[in-house]
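Trainee: As they're listed, the protein sequences go chains A and B. Residues in the first sequence are numbered consecutively from 16, following the numbering used here. Residues in the second sequence are numbered consecutively from 26, following the numbering used here.
Keep in mind that the hints were calculated from the coordinates and are not lab data. There could be a bad hint or two in this list.
Simulated pairs of lysine to any residue, SDA-like, Cα-Cα distance not exceeding 25 Å [said to hold, decoys possible]: (1) Lys259(B) x Arg75(B); (2) Lys192(B) x Glu303(A); (3) Lys63(A) x Asp21(A); (4) Lys63(A) x Lys160(B).
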Amino acid sequence: MKIYTDSGKKDTRSGFGAGLEELGKKNPNVVALCADLIGSLKMDNFIKNHPERFFQIGIAEANMMGIAAGLTIGGKIPFTGTFANFSTGRVYDQIRQSIAYSGKNVKICASHAGLTLGEDGATHQILEDIGLMKMLPGMVVINPCDYNQTKAATIAIADYNGPVYLRFGRPAVANFTPEDQVFEIGKAIHLIEGTDVTILATGHLVWESLQAAKALEEKGIAAEVINIHTIKPLDAEAILNSVRKTGCVVTAEEHNIIGGLGESVARVLATHHPVPQEFVGTNDTFGESGTPAQLMEKYGLNAEAIVQASEKVLARKRV
Amino acid sequence: MSSIPEMEKLVSQVRRDIVRMVHKVNSGHPGGSLGCTEFFVALYQKILHRKPDFDMDGQGEDLFFLSNGHISPVFYSVLARSGYFPVEELNTFRLINSRLQGHPTTHEGLPGVRIASGSLGQGLSVAIGAALAKKLNKDHHLVYSLHGDGELQEGQNWEAIMYAAAKQVDNLIATVDFNGQQIDGPTDEVLSLGNLKAKFEAFGWTVLEIENGNDIPAILDGMAAAKSRTGKGKPVCVLLHTVMGHGVDFMMHTHAWHGKAPNDEQLAVALAQNPETIGDY
């Protein structure tokens, strides 16, 4: 089994900041907006290098989304930065009308997504954002898994013409994907080959899935792990090719199972190749305060939960 | 450039377009459209420095954003009669497979429209963004926007009003269609705006008023004065006092025709009050 090593824990939001800094140098049309969270979004270096291309909006996210839409008229490529909750639910209608329906080239960059935001609690821990964004016609939804991939995704979305939701997180997590990777929107990445069960993971749950695959191997189960960094457009071909081989699937995401990656996968399977599926994610619940690790354990979003779901789906396959 | 008599002729024709469009599909918003007819005609015939051909980026020309998208009939009529698309297309207003959706949108590629509007309160932010892009591009043309007065009840406007003043977005002229009416009744009764001029001024805007917003010379003078106040570190607001339903006597001074179409007899009366001048579509 292919082994992945953590080159040193880093937060994905810093990957966004590094990507934005690089974009600032190579693309003069890239502009950035922030709603009073520069430090949290790691936008400092972009601002230092290009103060004229940065817009501090203040605590006014609805206005930020509208200004971003307007900046595209004139050829700018705006990257908005705030927490995932304030990037989506708070401003859904602004995104829907002024960005998505209007077809504007805005990159909605959202940090502190999911439970791993931690101690601030449920008011800030959005677990519904993937669902909200993927329902918008034409919206691309990306949830990279580590620092390197978030940096690569940030750079890649500037070259795509259209609205994008880029979701990342707060805590330092394993950094294991290649530093020099080229990010392809909508192209799933096979991390581990296996024949017994397909594990489709996104965001922070990709690393957990790799740990789960190790544990499953010790039990004689060969899991295939695929990194679904792009939830929309979904790489249906990669998913179907894998499940045709394994005959069952576990989806894993730091998101409500209602409206998340798992449901998108279920639709593809139901349409083309129905197989047993288990869902690792939060189940129609809000989060709460706690450390990221405590929360991921309590709500069943770690390697152990993925192992259990894999064993369960394997048992269903054998019936 | 049109003369004032030419523009006044066009106003009569646009009013005919408006009532015919909403009558045909028995839906749409004639009241605000009629009240803003002189403004739109003056804007597109005289005030805006615009290129004959439409491109989304609009560099090197003035831009206009309609925030209160429900007055699409006047917007569509004036766009068509200013050369953006064939006037015959006004026949398709609100019909299936039309570029003339109930509320304006970029989605169907209608020339002249740069943002979708309809869900209220979003246009000022967009106009600010476009004005910021003009500054970055060193494009010295202006951005104009139009907002309903009732629409200012939406909170996003006040985020935008605060921002534009704080960040000195002084290449922007935001006009408020100050007709004092909204769907449920007079704005003062539904949710009073209070002293709107004082509010904009307290936020740091330059505010001008056009007392007769249904008079072409008054609009031209007022908007010229507004333009002369741009580039001085403050965004500019124009309070355009209009009469909802202007030009069709039974639709005037009431909110009743905000979003209601005339029947056959009412249409005939409205058309009789607004003679055909340059040809019906």
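Trainee: Between Lys259(B) and Arg75(B), is the straight-line Cα distance small enough, at 25 Å or below?
Mentor: 23 Å, holds
Trainee: Take the C-alpha atoms of Lys63(A) and Asp21(A), compute the straight-line distance between them, and say whether it is at most 25 Å.
Mentor: Violated - the C-alpha atoms of Asp21(A) and Lys63(A) are around 30 Å apart, more than 25 Å.
Trainee: Verify the proposed pairing of Lys63(A) with Lys160(B), using a straight-line Cα cut of 25 Å.
Mentor: The given pair, whose Cα atoms are some 20 Å apart, holds under the 25 Å limit.
Trainee: Within 25 Å, alpha carbon to alpha carbon, are Lys192(B) and Glu303(A)?
Mentor: 38 Å, violated
Checked against the numbered hints given earlier, the structure breaks hints 2, 3 and satisfies all the rest.
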